Amino acid sequence: MSAEALSGSQAAVAERSRRDRPLDLVGIVLTAITLLVALASFFPIYWAIITSVKPDGEVISGSNSLWPGRFVFDSYIHIWNNTNIAIWYVNSMVTSLVITVLVIVSSAGCAYALSQLDFPGRRLIYVLILACFMVPMQALIVNHFVLMAQFKLLNTWAGIILPQLIVPVVIIVYKQFFDSVPKEFREAAMMDSAGHFKILFRIYLPMNWGVTAALGIITFIGAWNAFLWPFLAATGEATMTVPVGITQVKDAYGIVYGKLMASAVVAGLPVAIVYLIFQRRVTQAIMLSAGVKGVTRRHLDTPSWFDRLTMRATAP
Amino acid sequence: MLRDRKQEYLTALILVGPFILIYGALFVWPTIQMVLLSFTKAPLIGAGDWVGWDNYVKILSQKLFHSAFWNTAWFVVLTVIPNTLISLAIALAVNRLNGWLQGFVLACFFLPYILPVSVVFLTWNWIIDVQYGLAQGVVALFNGGEPKSLTRTIPLFMPTVAFVTVWWTMGFNILLFIAGLRNISPEIYEAAQLDSAGRWRQFMRITWPLVWPVTVLVLTIQLIAQLKIFDQVYLFSIGGRQDATITLVQYIYKLAFQQNKGGEAATAAVLLFGMIIVLSVLQYQLLRARGEK
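Chains A and B supply the protein sequences, listed in that same order.
Under full-length UniProt numbering, the first sequence is numbered contiguously, ending at residue 316.
Under full-length UniProt numbering, the second sequence is numbered contiguously, ending at residue 293.
This is chain A alone, in the form it adopts within the complex (with noise of 0.2 Å):
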């Protein structure tokens, strides 16, 4: 339970002990260690954007100076001119977005299948999804590869696509949110005869559309950081994703730190941004899909200004 989620007289306590707190020193020498060792994990971030608007020769001076003498963006437009960082760009995109969606989309489906329909079979699938928990990914990576150079989908799109579709822990956390909505939403809108599908796409989505945002943001990021399977399944430098792509950025010389720095930043652009706008979906997600208790559907209610907007368009 966060903050917000504590009830009002635990967060009255909470904040009249944090007010009647006198300014101790320690408590100041403190909170001045915590931001020191905060900026000091924040620096090699700092560090990669700073060396990747430096003038080349800035970079391999070792003056190291921790504020360009001159800001330029060569290196930027180097890897524009020189590399297929575009091309990358698009394949990250597109096989981000389609996991994305299909895991989200395939996912919500299942789980309310698994907490609202009864069929059989349903406690094997529970199982087996359980079990998907247990089977690393990368201990696959052999037969997927074979599969998919069966099917000749290797440095295509499905060929990145497919194998990163198994994400067990959206439909786990979408069927507990299923499970605690009240059977009354479901008895009223079957007495107007709605069927399943209008329920699903009605009643439980919108009403867990926090839950679906959080998912989907943290789908997407783990899809656009996947490493291993990308740099398997593509191995043209045309089908690479940007994480595989910017490994291969060298130049005649060798290594050069600025250009390197600067296909860095871009490839961590996405991500980063979405974490910036997104900030408090993106750390409920991770403790939903970690299963840390307490996380509750208060919590995930309330909307940001991105929900409202979008959940105009899909409100019943």
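The set of hints was computed from the structure by calculation and includes no laboratory data.
Among the hints, erroneous ones may be present.
[Stated by the list, open to error] Derived Cβ-Cβ restraints for the label pairs, each shown as a range:
no. : chain 1 : residue 1 : chain 2 : residue 2 : range
1   : A       : L25       : B       : V130      : 42 to 48 Å
2   : A       : A40       : B       : G46       : 48 to 54 Å
3   : B       : G48       : A       : P120      : 35 to 41 Å
4   : A       : P55       : B       : V216      : 49 to 55 Å
5   : B       : R205      : A       : I49       : 28 to 34 Å
6   : B       : V216      : A       : V127      : 19 to 25 Å
7   : B       : R205      : A       : L25       : 20 to 26 Å
8   : A       : Q150      : B       : T153      : 38 to 44 Å
9   : A       : Q150      : B       : G52       : 22 to 28 Å
[As the list claims (entries may be wrong)] For the chain A half of the interface with chain B, some residues (derived, Cβ under 10 Å), not all of them:
no. : residue
10  : A38
11  : P44
12  : S107
13  : C110
14  : L114
15  : F133
16  : N143
17  : T156
18  : W157
19  : I171
20  : I172
21  : M191
22  : A194
23  : H196
24  : V271
None of the values given here were measured: they were computed from a predicted structure.
Heads up, the beta-carbon is just placed ideally off N, CA and C, and yes, glycines get one too.
Got chain A; can you put chain B on it based on the hints?
Relative to the frame of chain A, chain B by itself:
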């Protein structure tokens, strides 16, 4: 009524159908194939002869498998324990802060976690570069002023990659710990303060026992995740001496994609699979035992 039932089955089939297709083709079938393949002597692509337990005997006695196993174990130790302790310490510190300061500090620790592994690799490779790297200043302190490649020096390889991994992944653990800390009711601390218990006493008597379930969760999630390590180790060992720093998944990769031994690679995969199942079951037992208490 019968029609209703029929309709329900049909709906279920439509909803579960895509799942069955995807998981059947990309999870169940490859898993069965993996086990079958492990008993054959086959190239990566193509049929092979049934050889029974030969592959298992061969791999279990192979030196490279042993070093892959011990390297992985060493990596697990080097990452899991520091990561858990540091994350808990940071979570405690972050939890004390309020408002925007907390958000800012948390973002500093969490941002690395969502970056792709290759971004992490490129960034750190630049920092520890022998010629121009920032970290050479630190290396020089231990090395008498001589620059040193941290990832090409075998004894330093795993600690270096482990350090980077801890930096990269601790945001996740910090988050879980913060969730755990927020679950502790402030009233308990109020009561402790009335009994004039000091900070340390409060931590040992209240925080630590109550945050222990999260600690177990964090430990086991990491343990299982680090057993599957590939990306960082592979990226940092490009051009280095890969065999000396090989891990289990890299071993599978080497057998399959560099030596074209599909059968043996599958055997190694089954062995990794077995280890992870054992750990998962142990985790389940541990969590259940705690739940009953």
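(request) Mind listing which of the numbered hints don't hold for this structure, in increasing order? (result) 5, 17, 18, 20, 21, 22
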